[in-house]
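Keeping the supplied structure of chain H fixed, place chain F upon it in accordance with the hints.
Chains H and F, in that order, are what the protein sequence lines are. Its first residue numbered -7, the first sequence is counted upward by one per residue in the numbering used here. Its first residue numbered 326, the second sequence is counted upward by one per residue in the numbering used here.
If you're looking for bench data, these hints aren't it; they were derived computationally from the structure. Please read these numbers as outputs of a predicted model, since none were measured by experiment. All residues carry an ideal CB built from backbone N, CA and C; glycine is no exception. One thing to keep in mind: the hints can contain errors.
For the chain F half of the interface with chain H, some residues (derived, Cβ under 7 Å), not all of them [as the list claims (entries may be wrong)]:
1. Phe346
2. Pro368
3. Phe399
4. Gly422
5. Glu426
6. Gly432
Computed footprint of chain F on chain H; a stretch qualifies when at least three of its residues, placed anywhere within it, have a C-beta under 8 Å from a C-beta of chain F [as the list claims (entries may be wrong)]:
7. 37 to 51
8. 98 to 104
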Amino acid sequence: AQKITQTQPGMFVQEKEAVTLDCTYDTSDQSYGLFWYKQPSSGEMIFLIYQGSYDEQNATEGRYSLNFQKARKSANLVISASQLGDSAMYFCAMRELSQGAQKLVFGQGTRLTINP
Amino acid sequence: DTGVSQNPRHKITKRGQNVTFRCDPISEHNRLYWYRQTLGQGPEFLTYFQNEAQLEKSRLLSDRFSAERPKGSFSTLEIQRTEQGDSAMYLCASSLGGFTEAFFGQGTRLTVV
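Next comes chain F alone, as it looks inside the complex:
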């Protein structure tokens, strides 16, 4: 396992459709994070899992967004009824413990048309 893997890398969807992204963290990492990055900005925190428990959610995570990490391994981020404002890069990261660096995947770029 060489790093955090995210699929798909790119997604184009029509407004109102649902989309789901997948993140496979580094295998021994128990912490998993989702961030969103819009053009010209730094990443913004969305949510965090420790093993399978979702422990923190940002106010950015509206009720159209849901994230899961069913067995403490991979995670999914679903956006329902997509809006144009959801167009962004969605980044996943993982870490071993809370006080170490987080390793990021290459992201999923979402375009809502």
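Chain H with its partners taken away, still in its complex shape:
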């Protein structure tokens, strides 16, 4: 069964510093996708970045990059030059692709607080 583990319940970072949010996953499938979402206090889940299991290069989207280490089954999110607006909950999620599965399986999230 799919499982996502986020071991950091909370992170506190100074503004402008880089921050890494940890995510490990467990799957027996060879074909899967990994996602990161941001959830501010308003409740909406905002898509940040996607990494496919067959993608050889780490995904990047602006200040977000995904440190994908397939052998270790980890997909850490790196936010460079953090901003006050980055304060939110962050969720790692996975979808297994080969069996046509549609659901996303989420981790428990990490609450990131950026201090001025």
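Coordinates of chain F only, in the frame set by chain H:
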């Protein structure tokens, strides 16, 4: 159309009452998903539609829950005989195709008193 829209944003109901939530996906998206999120947890999958067909349901979706997507556009999620354990955020998401990111609405927060 700027995103997924959910109504109402908040709902307070007495135990035993029925409630219905609505989700309007991004217009060209053929896939629609419902998730439930309790306090301090990540979202959990409830059900999924491809066009008007409900193709997958979680074991979390008890027989008190029913979801529809009558014309492959908006969807409704109904909870009958609500219980306090139903208190949660109900999130709707849509996607174009199965291998792309899902876009979420702002959710409906249900409180059962």
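Hints versus structure:
1. Nearest Cβ of chain H to the Cβ of phenylalanine 346(F): about 13 Å, over the 7 Å cut. The hint is violated.
2. Residue-level restraint check for proline 368(F) holds (minimum Cβ-Cβ distance to chain H is 5 Å; threshold 7 Å).
3. At its closest, the beta carbon of phenylalanine 399(F) sits 18 Å from a beta carbon of chain H; the interface hint therefore is violated under the 7 Å criterion.
4. The closest approach between the C-beta of glycine 422(F) and any C-beta of chain H is roughly 10 Å, which is over the 7 Å cut-off, so the hint fails.
5. Satisfaction of the interface hint for glutamate 426(F) is found here, the shortest Cβ-Cβ separation to chain H being roughly 5 Å, below the 7 Å cut-off.
6. About 4 Å separates the beta-carbon of glycine 432(F) from the nearest beta-carbon of chain H, less than 7 Å, and the hint is met.
7. With 4 residues having a beta carbon nearer than 8 Å to a beta carbon of chain F, the segment 37 to 51 of chain H meets the requirement of three or more and the stated coverage holds.
8. Under the rule that three or more residues need a Cβ within less than 8 Å of chain F, the assignment of the segment 98 to 104 of chain H holds, with 4 such residues.
Figure legend: structure checked against the earlier numbered hints; hints not met, in rising order: 1, 3 and 4.
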